[in-house]
Each structure stands twice: as structure tokens, then as C-alpha cells.
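Asks: Sequence:
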Amino acid sequence: MHVICETAADESSNKEVNMSETFFEIDDEKKQLVQVNTWNEEGCTPLQLAVIYLMPWVTALLLDRGATSTNSPSRT
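Residue numbers (this note's numbering): 5 to 80.
The reader is advised that the hints may include incorrect statements.
What the hints assert, rightly or not - In the EDC-like style, the derived pairs of lysine to aspartate or glutamate whose C-alpha atoms are separated by at most 20 angstroms in a straight line are:
hint : residue 1 : residue 2
1    : K34       : D68
2    : K35       : D68
3    : K35       : E25
Everything labelled a hint here was simulated from the structure, so no lab data went into it.
Generate coordinates for the entire structure from the input sequences, incorporating the hints supplied.
Replies: Structure, rendered in C-alpha cells:
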């Protein structure tokens, strides 16, 4: 999900919605659990990236899938 949000933001189109929906549809078909609250190297979750890049449809989709607003992991 991190890659979808970051790639779609660079292209600035509605592609992120289709890519996100397709991603979750494939996961549903394969009965795989998607970890929507994981952090990338910068400490951001997919939900945080969707908000940062102004992707309301992706934000809603992630919230429907159980994403939460969580703090980034502590750095030592």
C-alpha cells in the first residue's frame, strides 16, 4: 500500500483508487490478510500517506479495511 500511495501521488491521477481496489480484491480472492497499519522506512503508514497526498478515496478504503491513525515507531 505504501508503494501505491507514493506512486499514484507522483502521477497525480485517480490511478491510486483503481490500484488500491484491485490490490484488495486480489487479496480477498487469495484470502490473504493485508497489514494496513505497517510503517515504511520514513515511519509512515499507508493511511498517513493517503492523507498527506490528498487521496480521500484511498483514505476511506484504508479506514474500511481497519487502518488506524497510529504513531510511527520510536527510533533509537
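Asks: For every hint, state whether the structure bears it out.
Replies: Cross-check of the supplied hints:
1. The suggested pairing of K34 with D68 holds, with an alpha-carbon distance near 19 angstroms, which does not exceed 20 angstroms.
2. The hinted pair formed by K35 and D68 meets the criterion: a straight-line CA distance of about 17 angstroms does not exceed 20 angstroms.
3. A distance of roughly 15 angstroms separates the Cα atoms of K35 and E25; the hinted pair therefore holds under the 20 angstroms criterion.
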